[in-house]
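> In order, the protein sequence lines correspond to chains A and B. Just so it is clear: in the first sequence, position 91 is 91 by our numbering, and no numbers are missing. Numbering-wise, our numbering comes out as the position in the second sequence, counting from 1, plus 1000.
Calculated from the structure, these hints are not laboratory results. Keep in mind that this is a model prediction, so the values were computed, not measured. Mixed in with the good hints, there may be bad ones.
Here are the computed distance ranges between Cβ atoms for each label pair [claimed, not checked]:
1) 1026(B) x 26(A): 35 to 41 Å
2) 1028(B) x 14(A): 39 to 45 Å
3) 1073(B) x 83(A): 31 to 37 Å
Even glycine gets a Cβ: it sits at the ideal position worked out from N, Cα and C.
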Amino acid sequence: DQQVKQNSPSLSVQEGRISILNCDYTNSMFDYFLWYKKYPAEGPTFLISISSIKDKNEDGRFTVFLNKSAKHLSLHIVPSQPGDSAVYFCAARWSGGSNYKLTFGKGTLLTVNP
Amino acid sequence: IAGITQAPTSQILAAGRRMTLRCTQDMRHNAMYWYRQDLGLGLRLIHYSNTAGTTGKGEVPDGYSVSRANTDDFPLTLASAVPSQTSVYFCASRQGLDYGYTFGSGTRLTVV
């Protein structure tokens, strides 16, 4: 049973345009959400996060939106740059647990074309 | 440079052999994790440790064991490797409740 779903395996956008990566979750206990970026042959790196008490968090070109009623979050990258080309993982956590472990989606490969 | 070091970077291992993947961090993080990444399956948690001396099972623990004798080291052992354990293995640690994990660069393991 996949609790965090990224239904788009890949996304291709033009440089300068907006990239929107989507993520859905099924576990209503999740209260903290994160996005990670992963380049080939490297470990994932933390990008941005959002607590369930917020509906938006912004950091430079990256904005994450959370819709709790729909159990949906999205990552917006504006403007997209070729260096943003990577696999993006959505992750979720339940802070009431004893280990704060993250549950990851399968990832979306973003390609930004020059 | 502070971070997580994983070794080896890659390994080809004969089925049935025992192997330990090493993970060391110098950030004094209490919590550490082992994930495996497989194409089409994302990152799946194998084992975790909230603090030195404690460990717990993740989603896919079978065939793997871990130990946490001190804060810095969190080795992952495959007692008798099987081809289905071919994967990229990532070690991670966590700083605090509102911070994400810090990941190592991974170990690419091929079991033949």
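> Just to be sure I understand the hint, the distance between the Cβ atoms of residue 1028(B) and residue 14(A) should be within 39 to 45 Å; is that true here?
Since residue 1028(B) and residue 14(A) have Cβ atoms about 44 Å apart, the given range 39 to 45 Å holds.
> Return holds or violated for the Cβ distance of residue 1026(B) and residue 26(A) against the range 35 to 41 Å.
holds, 37 Å
> Cβ-Cβ distance between residue 1073(B) and residue 83(A): within 31 to 37 Å?
Hint holds: Cβ distance 34 Å, inside 31 to 37 Å.
Checked against the numbered hints given earlier, this structure breaks none of them.
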